[in-house]
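A.B. asks: Listed here are the chains, written in short residue letters.
2 protein chains.
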Amino acid sequence: MFAVVMCGGSGTRFWPASRKQRPKQFLDITGKGPMIVETCGRLRPIIRDEEMVLILGKKHLAEARQIFDGREISMLAEPVGRNTAPCIGLGAIYARYRNYNGPVAFLPADHFIGDPGAFLKSLQTGGDVAETGGIATIGIVPNRPETGYGYIKRGEPDGKSEDRQIFSVSQFVEKPDLETAVAYLASGDYYWNGGIFVATPETILKETKRQLPELYAGLLELEKVFGTDDFEPAFQEVYENLASVSFDYGIMENIQEPVYVIPSQCGWSDVGSWESLYELRSSEQDNDGNLGDGGNIFIDCEGTFASGRSGRMIACLGLKNCLVVDTEDSLLVADLKNSQDIRKVVDLLKETGRDDLL
Amino acid sequence: MFAVVMCGGSGTRFWPASRKQRPKQFLDITGKGPMIVETCGRLRPIIRDEEMVLILGKKHLAEARQIFDGREISMLAEPVGRNTAPCIGLGAIYARYRNYNGPVAFLPADHFIGDPGAFLKSLQTGGDVAETGGIATIGIVPNRPETGYGYIKRGEPDGKSEDRQIFSVSQFVEKPDLETAVAYLASGDYYWNGGIFVATPETILKETKRQLPELYAGLLELEKVFGTDDFEPAFQEVYENLASVSFDYGIMENIQEPVYVIPSQCGWSDVGSWESLYELRSSEQDNDGNLGDGGNIFIDCEGTFASGRSGRMIACLGLKNCLVVDTEDSLLVADLKNSQDIRKVVDLLKETGRDDLL
Chain A
8 MFAVVMCGGS
18 GTRFWPASRK
28 QRPKQFLDIT
38 GKGPMIVETC
48 GRLRPIIRDE
58 EMVLILGKKH
68 LAEARQIFDG
78 REISMLAEPV
88 GRNTAPCIGL
98 GAIYARYRNY
108 NGPVAFLPAD
118 HFIGDPGAFL
128 KSLQTGGDVA
138 ETGGIATIGI
148 VPNRPETGYG
158 YIKRGEPDGK
168 SEDRQIFSVS
178 QFVEKPDLET
188 AVAYLASGDY
198 YWNGGIFVAT
208 PETILKETKR
218 QLPELYAGLL
228 ELEKVFGTDD
238 FEPAFQEVYE
248 NLASVSFDYG
258 IMENIQEPVY
268 VIPSQCGWSD
278 VGSWESLYEL
288 RSSEQDNDGN
298 LGDGGNIFID
308 CEGTFASGRS
318 GRMIACLGLK
328 NCLVVDTEDS
338 LLVADLKNSQ
348 DIRKVVDLLK
358 ETGRDDLL
Chain B
8 MFAVVMCGGS
18 GTRFWPASRK
28 QRPKQFLDIT
38 GKGPMIVETC
48 GRLRPIIRDE
58 EMVLILGKKH
68 LAEARQIFDG
78 REISMLAEPV
88 GRNTAPCIGL
98 GAIYARYRNY
108 NGPVAFLPAD
118 HFIGDPGAFL
128 KSLQTGGDVA
138 ETGGIATIGI
148 VPNRPETGYG
158 YIKRGEPDGK
168 SEDRQIFSVS
178 QFVEKPDLET
188 AVAYLASGDY
198 YWNGGIFVAT
208 PETILKETKR
218 QLPELYAGLL
228 ELEKVFGTDD
238 FEPAFQEVYE
248 NLASVSFDYG
258 IMENIQEPVY
268 VIPSQCGWSD
278 VGSWESLYEL
288 RSSEQDNDGN
298 LGDGGNIFID
308 CEGTFASGRS
318 GRMIACLGLK
328 NCLVVDTEDS
338 LLVADLKNSQ
348 DIRKVVDLLK
358 ETGRDDLL
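Chains as they are written, first to last, in the working numbering: chain A, 8 to 365; chain B, 8 to 365.
Some hints here could point you the wrong way.
Each pair may be met inside one copy or between any two copies, as identical chains are not told apart.
Stated by the list, open to error - In the BS3-like style, the derived pairs of lysine-lysine whose C-alpha atoms are separated by at most 27 Å in a straight line are:
(1) 216 <-> 231
(2) 39 <-> 65
(3) 66 <-> 231
(4) 357 <-> 327
(5) 27 <-> 357
(6) 327 <-> 351
(7) 65 <-> 327
(8) 344 <-> 327
(9) 357 <-> 65
Note that these hints are calculated values from the structure, not bench results.
Next comes chain A alone, as it looks inside the complex:
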């Protein structure tokens, strides 16, 4: 299998640990190394480095090269961000240029997977399904009525396999309200949409040609110059003229190819906030639910998460559900339950001209 690892995303939700120059996918937030290394690492049992391509923003190329120094992972640095449809199209055309016509896994670089074995099994099932056409999405079996994710509603079981669960997709649905999410969970027909799918380059390019012909034309131009000196200027020119459009909106919404969902219980999380990271690391919490990175002190605290990234001593006293993130130049102290509001801090820093801290 070939893998296209999508490394976009600014990751302001992990400020001050994440910065414009160093978004979440390049951070070690789970304590096991940068997320992107984790993401590539868990693919290795079925995909070799040579068959992985990272698609990332130009400003993150240096960081990625340093992280993967000495490894044969390919990298494509988009000159400007144009959302996911161009990114996925680029991955598809690059795979075809590399003479890879089998199933390609498309996946975000900044997700957590608790059970990599189960994940790879789902990915392989997806590959088997997608080999003969169509798009195989990974459907994360939900364990709570989450309102923060989109859902995939399954349709009929697919006849292609006997011993594995494969369904046609009945519908993609947006983030639900709590009542709806509870009903989804109870029905057993809905899965979280983690944005992970498998398809051949042919399938992706066929749909791109049909639905986004200008993008397709741009991709064909790039295909001609991959590996030559003409690539960089062509990349720049093609991307500058592309419209920003998401794969969900530009391709999936009106897709004619069959779409499948492979249910997966792989302990997936998009780690979308400090709070979700805190919950993910529940096994590391002390008896009072406190979680500290490094030699922090917790006295009379409950449910408090102290992430020290500066080496400074962090003493927490009498706190409840508090988040402390300490970095060299910035300190965040927040209510852990409202950690998604970090956006407000980032916005205020922007407004007040403190871009140096972003």
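Go by the hints and put chain B onto chain A.
C.D. replies: Quick look at chain B alone, frame taken from chain A:
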């Protein structure tokens, strides 16, 4: 008037801003300079630098010399701490050595006074009273049923003056419980004991001779060698052999000299905790009761105090009654209402061998 400014005290209650080497009296916690500078500064309208002596711990001498560089304030650095009776005796004998036999003000270096004019007036009244004998204490008129201070119960009005309030002291009482404090406040007969008083050297030394003869003998030895090369070794030897005893217990409890109280509404606070500092600075708080030193960000916060001493950006988000103190090597995040529990943090740091942070 002569002034003896007592600069002892380790001030762990302001950790991490205060340290062993730099206790509260040397810190700028009110935003107007080191407390000791404030203390000496507010005396200046009635007491010249040359008539002030600071009594401090040996390890703080360098800091004090630096702070008062170029000023003619005398300093006596106790070789070891022996509580307040020796300190006050030392101040008295030093004033006598300096041929000062009038009233001497004895006062702690680390208190806040909101109305210095009213304070000086009280001090001068105290001086007038003490000139002819006895000890004149300053009684802070209470504005709340405070359980954290000792109280002075007034007795009969004193005939010495017609236009000023002077009372004999009926009783010194320890920190009361809340019910008692409420009754004290309602009665109007009780004042907070701020540990500030005025007396002549003669009065202090007479009582010291009567009640603490060994201390008195030591002081006489020092009197003989002040200003000579023999002073340092004598100071060391005398102090090493002294018992630790408080002025309240060793002198005041069985005093035969008359004791007076001068009621004072001078906006006094002992600034005993981060919380009391926060309350003291209520005029600097924003509409939601947030107080920040420096360019902090408060979003959706209430009653939160962020004291930045490192130059780092401190972003507070969704906090209520929270205390954040950021220094170069240590960070404290605490419930502001329990800021007196900082002692627990300090103790834990000691236990775990982190004396470098104390």
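A.B. asks: Taking the hints in turn, state whether each one holds.
C.D. replies: Status of the hints after comparison with the structure:
{"no.": "1", "hint": "216 <-> 231", "verdict": "within (17 Å within a copy, 104 Å between copies)"}
{"no.": "2", "hint": "39 <-> 65", "verdict": "within (25 Å within a copy, 49 Å between copies)"}
{"no.": "3", "hint": "66 <-> 231", "verdict": "within (25 Å within a copy, 76 Å between copies)"}
{"no.": "4", "hint": "357 <-> 327", "verdict": "between (29 Å within a copy, 25 Å between copies)"}
{"no.": "5", "hint": "27 <-> 357", "verdict": "within (12 Å within a copy, 40 Å between copies)"}
{"no.": "6", "hint": "327 <-> 351", "verdict": "both (22 Å within a copy, 17 Å between copies)"}
{"no.": "7", "hint": "65 <-> 327", "verdict": "neither (41 Å within a copy, 41 Å between copies)"}
{"no.": "8", "hint": "344 <-> 327", "verdict": "both (10 Å within a copy, 13 Å between copies)"}
{"no.": "9", "hint": "357 <-> 65", "verdict": "within (22 Å within a copy, 49 Å between copies)"}
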